[in-house]
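Participant: Below, each chain spelled out in residue letters.
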Amino acid sequence: MQTTEEHLRALMIDGLDGDAAAHAALLRLLVPLLRGFYRRRVRGADDDVEDMVQDTLIAVHTRRATYDRGRAFTAWLYAVARYKMIDHFRRVGRLRPIDDLEELLVADEFETSSIAKLDIDDLLEQLPPKQARMIRATRLEGLSVAEAASAEGIGESDVKISVHRGLKALMARVQGAMR
Amino acid sequence: MNTDDLIRQLASDTRPVGRNSVARRLAIGIVAGGIASALLILASIGVRPDLGTAMQGASFWVKWGYTLSLSIAALMMTAQLARPDSGRLRGLWALGIPVLLLAAVGLLELARTPSSQWLVMWLGHSWKSCPWLVLSLSAPIFAGLLWSFRRLAPTRLRAAGAAAGLSAGAFAATVYCIHCPEVSAIFVLTWYSLGILLATLVGMLVGPRLLRW
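Chains as they are written, first to last, in my numbering: chain A, 1 to 179; chain B, 1 to 213.
Hints may be right or wrong, so weigh each one.
Said to hold, decoys possible - Partial pick of chain A residues on the chain B-facing surface, computed with a CB cut under 10 Å:
(1) L57
(2) R82
(3) D87
Unchecked claim - What follows is a list of derived Cβ distance ranges for each label pair:
(4) B/D5 with A/D68: 41 to 49 Å
(5) B/R212 with A/R71: 20 to 28 Å
(6) B/G65 with A/I161: 51 to 59 Å
(7) B/G52 with A/P128: 26 to 34 Å
(8) B/R212 with A/I154: 47 to 55 Å
To be clear, the hints were calculated from the coordinates, so they are not data collected in a lab.
We put the beta carbon where it would ideally sit given N, CA and C, even for glycine.
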């Protein structure tokens, strides 16, 4: 059985209609996806990963009413997963001092990064929507090519091509503006 | 707990979820809170005695039109922010329409009133208490919305809190109309809106704390 966007989405919708077997199958399929998602972002700390996976499964179950059947399931899933990761570190951070926290919180760095983000938003708006979405997913939100592909419901090579073309177009535009 | 056991336990509680369950949940929360606010008015400051006749006049409906349409626009924002993948908000401009329309009515009123009466019209009898009453009446409604959020998944907690506060404030103002005898549009535009704005600010402040999940 393949874990594609369509497959997961079909299971989710069956679960929403009250099919417990489909719901259980969905949650089981999510475990390796979520482990991969968190492992790539948290080095070491397997306990943390398993905690976050379980928290996310519980959230997927209790908050499933917020999934809109007309939209991509994986985008919803990773939004929940990302929130749970931030929440996890907020909770853990309160109990245990994090090294270099001050550096992370330096205000002017935050400011430059938000200004840069605004510029990026402006630039991305000029691209075809698909290229912009793929660049956002892989380069800004930190999804892997495979995750972005299944979120969009397209092939991995398609994602790579979109990102490549989009970046090339942006590069041309930025250089043109500087000249 | 073992992840497999967890999944088994979660799946054993698979109840069907309706298509519009986010909207339904928010509606239940806001209406239940609104009923509580109305009861609060009945028990304390009372309904205006001339409510029946007032409902035949235009100024009552101008007020209601303003607060009710603002509630609906705010609730639509809240519903978007209740989903984790809310993305860019759509329809934010709709919040401006009631304000602009009411401002237009207010200008018309001012044009037809001698300027010596403007201050009286603007301050009415209750400008000091009106914003605070709207803010107080928004509390039960905000509590109702917090109940709604217990099964929802906001990821931008400050924005979601502000949207819930705005909805609660605007709906509280709608309920407050059964008590408030003021008639002028500029009164409503200033003092009602101030109360609604205060409720929004409170929502924004407590959102990150109360909407966590």
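Participant: Next step is simple, just say for each hint if it's right about the structure.
Facilitator: Comparing the hints with the structure gives:
1. Because the closest C-beta pair between A/L57 and chain B is about 6 Å apart, less than 10 Å, the hint holds.
2. The beta carbon of A/R82 is positioned within 10 Å of a beta carbon in chain B (closest approach about 8 Å), and the interface hint is therefore held.
3. Evaluation of the A/D87 hint against chain B yields a held restraint, the C-beta minimum of about 7 Å falling below 10 Å.
4. A C-beta distance of roughly 30 Å is found between B/D5 and A/D68, which places it outside the suggested range of 41 to 49 Å.
5. A C-beta distance of roughly 24 Å is found between B/R212 and A/R71, which places it inside the suggested range of 20 to 28 Å.
6. A C-beta distance of roughly 52 Å is found between B/G65 and A/I161, which places it inside the suggested range of 51 to 59 Å.
7. For the pair B/G52 and A/P128, the supplied restraint of 26 to 34 Å is violated, since their beta-carbon distance comes to about 60 Å.
8. Under the hint 47 to 55 Å, the C-beta atoms of B/R212 and A/I154, about 34 Å apart, miss the expected range.
Violated hints for the displayed structure, listed by number in ascending order: 4, 7, 8.
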